[in-house]
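Student: Protein chains in written order, with our numbering: chain H, 1 to 188; chain E, 1 to 971.
I should point out that these hints are in silico values taken from the structure, not numbers from a laboratory.
Being a predicted model, the structure only gives us computed values, none of them experimental.
One or more hints might be untrue.
Unchecked claim - The list that follows gives simulated cross-link-like pairs (lysine to any residue, SDA-like), each with its CA atoms no further than 20 Å apart:
| hint | chain 1 | residue 1 | chain 2 | residue 2 |
| --- | --- | --- | --- | --- |
| 1 | H | Lys72 | H | Val85 |
| 2 | H | Lys184 | E | Asn596 |
| 3 | H | Lys185 | E | Lys567 |
| 4 | E | Lys178 | E | Gly154 |
| 5 | H | Lys185 | E | Tyr563 |
| 6 | E | Lys633 | E | Asp603 |
| 7 | H | Lys94 | E | Tyr598 |
| 8 | E | Lys667 | H | Val85 |
| 9 | H | Lys185 | E | Asn410 |
| 10 | E | Lys567 | H | Asn181 |
| 11 | H | Lys155 | E | Leu597 |
| 12 | E | Lys633 | E | Ala336 |
| 13 | E | Lys485 | E | His389 |
| 14 | E | Lys567 | H | Val179 |
| 15 | H | Lys155 | H | Gly77 |
| 16 | E | Lys855 | E | Ser933 |
| 17 | E | Lys600 | H | Asn181 |
| 18 | H | Lys185 | E | Leu597 |
| 19 | E | Lys667 | H | Phe151 |
| 20 | E | Lys600 | H | Val179 |
| 21 | E | Lys567 | H | Ala186 |
| 22 | E | Lys668 | H | Gly77 |
| 23 | E | Lys600 | H | Val85 |
| 24 | E | Lys668 | H | Val179 |
| 25 | H | Lys184 | E | Leu597 |
| 26 | H | Lys185 | E | Tyr598 |
| 27 | H | Lys185 | E | Ser933 |
| 28 | H | Lys155 | E | Asn596 |
| 29 | E | Lys667 | H | Asp51 |
| 30 | H | Lys184 | E | Lys567 |
| 31 | E | Lys210 | E | Ile244 |
| 32 | H | Lys184 | E | Asp566 |
| 33 | H | Lys184 | E | Lys855 |
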Amino acid sequence: MKKSFIRTVIFLFILASIVGCAQTVTTLTEDSDIIEPAKISDTGYLLMAIDTSSTLQELHISGEASLKLTSKDLRQGTNYILLNVEAGNYTLDKIVISNFRVAEFNNEYWSFRIKPGAINYIGEVYAHNVGWFDKTPRFELVNNASMALEFMEDKFQNILQSRKIIYAGPGEDNFFSLVDNVSKKASQ
Amino acid sequence: MRIINRTGMFFLGLFFSHQLLANLIPIEKLFQAPEVALYTLSPDGQQVAYYQLMPQGHSELRLFEPSTDVTTKLLHVDSSFVLKSYDWIDNDTIYLTFREETAKRTGDLMKGFVSLPKQGNTADNNFKYIAASGLLLNSLPDQTDRFLFMRDEGAGDNIDLKIYTLTTDDLLNQRFAKNNRLKLHLDDALHYYFDRQTETWFAVTFSEKKGELLLHYLRKGTENWQKFYAWRDNDYRFEPVALIGQDKFLVLTNKETDLVAAYEFFPATQTLGKLLYEHEKYDLQAATVSPETGKLSSVSYFRNSRLHTEYFSEKNHKKSISIEHFDAEKQVYLVAANEETDRYIYLVTASNFPGVYYYVDGTTDTTLKLGSVLPDLEKYRLAPTETLHSTNDLGFEVEGLLTRPVNNSNQTLLVMPHGGPIGVRDYDHFDPQIQYLANRGFSILRVNFTGSSGFGKNFLGQGKGQFGRQIEKDIGLIVETARQKYSYQKACSIGSSYGGYSATMLAIKDPEFYQCIIAMYGIYDLPLLFNSSNYKVTESYRESITEIVGSDAALTQEDSPIYLVDKIKAPLLLIAGYADDISGIEQSNRLKYMLNLYDKNVDTMFYYGVGHGQRTFYGEQHQNVYISEFLHKHLNLSSEKANADVAIIANELAILGDVFTFDRVVKKDSVRGFNYYKKSSELGHPRANFNIGVYHEQGIHLEKDLAKAQEYYQIASENGYGKASFVLANRYKSSDSAESDLAAVANYMELAVEQGYDEAILHLAEAKCLGIGTTQNSQECLSLLEKDMDLTTRLPNQPINLSGTFRLKTTAKIIMENKFNGLAQQEITNFVTNRYGAIDPTFAIKVSNYGLYGKGGWSSRERYLEQTYQIPNKVGSQIRVSYGFESNLQTGPQQFWYYIIRWSYKGASEKDYNVLSYKIKSAQYHRIIRSTSIEITELKNEDTEYKVEFFQLDGTFLKALSFNVSDKHNP
Numbered sequence: 001m002k003k004s005f006i007r008t009v010i011f012l013f014i015l016a017s018i019v020g021c022a023q024t025v026t027t028l029t030e031d032s033d034i035i036e037p038a039k040i041s042d043t044g045y046l047l048m049a050i051d052t053s054s055t056l057q058e059l060h061i062s063g064e065a066s067l068k069l070t071s072k073d074l075r076q077g078t079n080y081i082l083l084n085v086e087a088g089n090y091t092l093d094k095i096v097i098s099n100f101r102v103a104e105f106n107n108e109y110w111s112f113r114i115k116p117g118a119i120n121y122i123g124e125v126y127a128h129n130v131g132w133f134d135k136t137p138r139f140e141l142v143n144n145a146s147m148a149l150e151f152m153e154d155k156f157q158n159i160l161q162s163r164k165i166i167y168a169g170p171g172e173d174n175f176f177s178l179v180d181n182v183s184k185k186a187s188q
Numbered sequence: 001m002r003i004i005n006r007t008g009m010f011f012l013g014l015f016f017s018h019q020l021l022a023n024l025i026p027i028e029k030l031f032q033a034p035e036v037a038l039y040t041l042s043p044d045g046q047q048v049a050y051y052q053l054m055p056q057g058h059s060e061l062r063l064f065e066p067s068t069d070v071t072t073k074l075l076h077v078d079s080s081f082v083l084k085s086y087d088w089i090d091n092d093t094i095y096l097t098f099r100e101e102t103a104k105r106t107g108d109l110m111k112g113f114v115s116l117p118k119q120g121n122t123a124d125n126n127f128k129y130i131a132a133s134g135l136l137l138n139s140l141p142d143q144t145d146r147f148l149f150m151r152d153e154g155a156g157d158n159i160d161l162k163i164y165t166l167t168t169d170d171l172l173n174q175r176f177a178k179n180n181r182l183k184l185h186l187d188d189a190l191h192y193y194f195d196r197q198t199e200t201w202f203a204v205t206f207s208e209k210k211g212e213l214l215l216h217y218l219r220k221g222t223e224n225w226q227k228f229y230a231w232r233d234n235d236y237r238f239e240p241v242a243l244i245g246q247d248k249f250l251v252l253t254n255k256e257t258d259l260v261a262a263y264e265f266f267p268a269t270q271t272l273g274k275l276l277y278e279h280e281k282y283d284l285q286a287a288t289v290s291p292e293t294g295k296l297s298s299v300s301y302f303r304n305s306r307l308h309t310e311y312f313s314e315k316n317h318k319k320s321i322s323i324e325h326f327d328a329e330k331q332v333y334l335v336a337a338n339e340e341t342d343r344y345i346y347l348v349t350a351s352n353f354p355g356v357y358y359y360v361d362g363t364t365d366t367t368l369k370l371g372s373v374l375p376d377l378e379k380y381r382l383a384p385t386e387t388l389h390s391t392n393d394l395g396f397e398v399e400g401l402l403t404r405p406v407n408n409s410n411q412t413l414l415v416m417p418h419g420g421p422i423g424v425r426d427y428d429h430f431d432p433q434i435q436y437l438a439n440r441g442f443s444i445l446r447v448n449f450t451g452s453s454g455f456g457k458n459f460l461g462q463g464k465g466q467f468g469r470q471i472e473k474d475i476g477l478i479v480e481t482a483r484q485k486y487s488y489q490k491a492c493s494i495g496s497s498y499g500g501y502s503a504t505m506l507a508i509k510d511p512e513f514y515q516c517i518i519a520m521y522g523i524y525d526l527p528l529l530f531n532s533s534n535y536k537v538t539e540s541y542r543e544s545i546t547e548i549v550g551s552d553a554a555l556t557q558e559d560s561p562i563y564l565v566d567k568i569k570a571p572l573l574l575i576a577g578y579a580d581d582i583s584g585i586e587q588s589n590r591l592k593y594m595l596n597l598y599d600k601n602v603d604t605m606f607y608y609g610v611g612h613g614q615r616t617f618y619g620e621q622h623q624n625v626y627i628s629e630f631l632h633k634h635l636n637l638s639s640e641k642a643n644a645d646v647a648i649i650a651n652e653l654a655i656l657g658d659v660f661t662f663d664r665v666v667k668k669d670s671v672r673g674f675n676y677y678k679k680s681s682e683l684g685h686p687r688a689n690f691n692i693g694v695y696h697e698q699g700i701h702l703e704k705d706l707a708k709a710q711e712y713y714q715i716a717s718e719n720g721y722g723k724a725s726f727v728l729a730n731r732y733k734s735s736d737s738a739e740s741d742l743a744a745v746a747n748y749m750e751l752a753v754e755q756g757y758d759e760a761i762l763h764l765a766e767a768k769c770l771g772i773g774t775t776q777n778s779q780e781c782l783s784l785l786e787k788d789m790d791l792t793t794r795l796p797n798q799p800i801n802l803s804g805t806f807r808l809k810t811t812a813k814i815i816m817e818n819k820f821n822g823l824a825q826q827e828i829t830n831f832v833t834n835r836y837g838a839i840d841p842t843f844a845i846k847v848s849n850y851g852l853y854g855k856g857g858w859s860s861r862e863r864y865l866e867q868t869y870q871i872p873n874k875v876g877s878q879i880r881v882s883y884g885f886e887s888n889l890q891t892g893p894q895q896f897w898y899y900i901i902r903w904s905y906k907g908a909s910e911k912d913y914n915v916l917s918y919k920i921k922s923a924q925y926h927r928i929i930r931s932t933s934i935e936i937t938e939l940k941n942e943d944t945e946y947k948v949e950f951f952q953l954d955g956t957f958l959k960a961l962s963f964n965v966s967d968k969h970n971p
């Protein structure tokens, strides 16, 4: 038996076991805070959006837990995703575009940290084809914090009132704090 | 085209500037594509090629011969294509590139040759498509049918550029013979250029290791490439102009000076030589060298933001004067030159003059007007621009451009900072937005603040990191200068990109002066520039932003509008594009969010599918109409207009109605859309009146009232709206209406056609061909049928669009029911056969099955239930006939033949005869079985004969089957 064949089998086995471990998750639909008091220091909300020019098959996130979103949450257009996940460091690993195309990231530009007890906005995955014949979209994690806030106000007002929303994407952003400060001043 | 002598041109200028002209300019006339463009001279200078936009929407590549004053169409370019460029291969052939309008910008350009018509020949079929990849490097126009063509012959991702000397025939047949390949290879070349005048080759390479872009050159008669210069993040300009001696070049650079100047440059030592020209205030934009002497021939720069060329050659100076004499305020651009034959094409333009192209023949000293860029605007007086200057606290002279309305000033100053802000500037060019706002009574002030290009390195550098600081101080300085010269009762700030930011900051810093703000595609949260996406947090990206904005750490909350919202007092119109990948929609949304949080007066226009500004003329139109509406509303400006202008205002309101109702360009707001239509309708706009009629008819936004709907349709029709006339015609046509009036149908259809409503053409053809409600008229019948056919034909020689049930049904009905005799009948037949194809006299229908059809028995699928001519009198009974075709002609599988099917029924009385349907169907011989069916939709009181008949396109009978529908066949 050739070594390359053995390596391939081992690689496929590892790949299958990694993929197999990922927990399939779907966005929350009910506007009620589901973080149990006992787990307030262990879990937090992950808020993100996907803006895609065509429906994607899967989105994989690894880290504190392995998560997999399916095409149900990755339809053409803009989809917001709100998940209750374990606090800790994560990386957006890969996006399965179709049966034959996978975009892999797994680097610092796609990493984020989920703080417990908060709504952690990590950004909007922008996935649009650039050229006419370009079958693989250009991917970018865009900071559209104000739009995400409007989404939460519209669809998850109760959760937003119970939990602080913070920016957890790449770089630093004070927008949520600014809104918070102004709102507090207005209510005083 | 007319020859005008110099004196004539001068007086023509005076005449235009003193005419008393119309007041408001329709927005469609300002924001529209140039009617002529891309003028070029043939190698012998005797012919001019240019691009002409036609009223029908397509374009033409045209040829004009100044000696004979004859214009010839060279090529019809369909509206779905955009001509990008063209070059003369020689005096008989033009090479052109074009792109499909819908294709992405990254797509490859299409290429072809156009042959000029020889004497006695027409210009038809003169286009030859080039399938080979590559691009024309130099047309060598002084050599007949010879040109340089470059193509990439590298395998996979490797670039390996090869250059060939080819003939048109070589390229069309993709003959890239080795002996036609030039031996001038330079490793890793990304592009080659050839300077015909000095016969010098240039090549570009990129060193990834050093991050350098290198230019190399190869002089005539030498074999080794020499390094010319390397560019690496230079903060100065360095631009080669021409070879002016043995390894000596003329360059434009500000490497060692503040201003861009003309220098000698020696590549061997990489040193600058003699300073040849430096202006005291402005960067040079361009320079030319005399081919005879190798000396500087002219330099160009923007003086008072207008292009000015200084000539050092007497000959060129003479040409220039002949054009500039026209009007000192106008700018003259040399578009094409042929020094050898002393012939030139110039574009003369100004901020209040979109431009005219001229042909100058130096041998006869004559000037010929070639074409006007926007002839629609010639009857209007456009607003001129004056330049203002003031010295800022840093000692720099700052320039402002003030455009004041020609008449009807509303005493309002609009301060409009430009985008960028670094390395960008405003020019005194024709600008449709400036002219639109000036035409609506506003004065518009633009400022070339520190950071703008064209005034030297120091001036540009002083703007860096000065967002909301020195830049706005400079703007304020020029605003004061303008206010000292003219008095203004009101003021607003308006700008796009950086200008959107600046407009907001100006109003924050001086809330007493600015009474409204229009911020477009802007940035309002400066720290967000450093983290707007995961790729924008990288060090290299942050460095590039820091270079312009200043460092992240140095920014304070005093620099970003979103932190200063409490200081915004004026109403703000925020315009943005969801597809803006430069500013990003988030910037505008943040400001909107904060303004709402502070309960400020904010109006938004966030456009779907729009990036960093509008990309279409229609987009520009409705955006500017909305801006004007916002300004009038918030500044309480009178909207009373002279009668002649009411129609223009009404049209603009209807445009806004469209934006909020139909166009899907912004979030739909049908109530706002309705309100705009209502206002527009009150001002008599025909289409708005029609829409109000529709609202009444449908009971949307208004009480359902058919009589009122009819009234509005009537008004719209009387005011020339074809669709209203068409709708009225159909109302009279309705057979179940008591008001059915066939004469009225024909009259309204005729009116609709006259008013340009194309859908009515075939309806009117039906009336004229069959004499329904009007006198039968064979000539009008044919002419209308041909007019309808033109609508379905995209281009000559393209397949006919056969879609449209109504078209097929009506044509069949006209063929079968017209009562024309002799020649008229023959003409109808000829028309139909020309349209659909020749009649095959051996064509025959062969019935394979017939009878009662439907679901029944054990199967849930529809099928023939019984082969019979006796059909039960039962609603839902379906009669079907299946058939094939026979012909003695040998045809290929793509051959189509056309025939007519008519279904009818006949009761006991002769009067009880009704045609149920007509159809024109296509037959393809290799497809064997087709079927046609009819359903019984109502119970018959007596025995009824249902008949299906097949005819040739000239009405010749082919086949018929009759079915008896009767209670006696009921099960």
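Student: Could you run down the list of hints and mark each one as holding or not?
Tutor: Going through the hints against the structure:
no., hint, verdict
1, Lys72/H - Val85/H, "19 Å, holds"
2, Lys184/H - Asn596/E, "15 Å, holds"
3, Lys185/H - Lys567/E, "16 Å, holds"
4, Lys178/E - Gly154/E, "15 Å, holds"
5, Lys185/H - Tyr563/E, "14 Å, holds"
6, Lys633/E - Asp603/E, "12 Å, holds"
7, Lys94/H - Tyr598/E, "41 Å, violated"
8, Lys667/E - Val85/H, "34 Å, violated"
9, Lys185/H - Asn410/E, "41 Å, violated"
10, Lys567/E - Asn181/H, "16 Å, holds"
11, Lys155/H - Leu597/E, "18 Å, holds"
12, Lys633/E - Ala336/E, "48 Å, violated"
13, Lys485/E - His389/E, "12 Å, holds"
14, Lys567/E - Val179/H, "16 Å, holds"
15, Lys155/H - Gly77/H, "17 Å, holds"
16, Lys855/E - Ser933/E, "14 Å, holds"
17, Lys600/E - Asn181/H, "17 Å, holds"
18, Lys185/H - Leu597/E, "11 Å, holds"
19, Lys667/E - Phe151/H, "16 Å, holds"
20, Lys600/E - Val179/H, "15 Å, holds"
21, Lys567/E - Ala186/H, "15 Å, holds"
22, Lys668/E - Gly77/H, "18 Å, holds"
23, Lys600/E - Val85/H, "38 Å, violated"
24, Lys668/E - Val179/H, "28 Å, violated"
25, Lys184/H - Leu597/E, "11 Å, holds"
26, Lys185/H - Tyr598/E, "11 Å, holds"
27, Lys185/H - Ser933/E, "75 Å, violated"
28, Lys155/H - Asn596/E, "19 Å, holds"
29, Lys667/E - Asp51/H, "18 Å, holds"
30, Lys184/H - Lys567/E, "18 Å, holds"
31, Lys210/E - Ile244/E, "30 Å, violated"
32, Lys184/H - Asp566/E, "15 Å, holds"
33, Lys184/H - Lys855/E, "71 Å, violated"
Checked against the numbered hints listed earlier, the structure breaks hints 7, 8, 9, 12, 23, 24, 27, 31 and 33; every other hint is satisfied.
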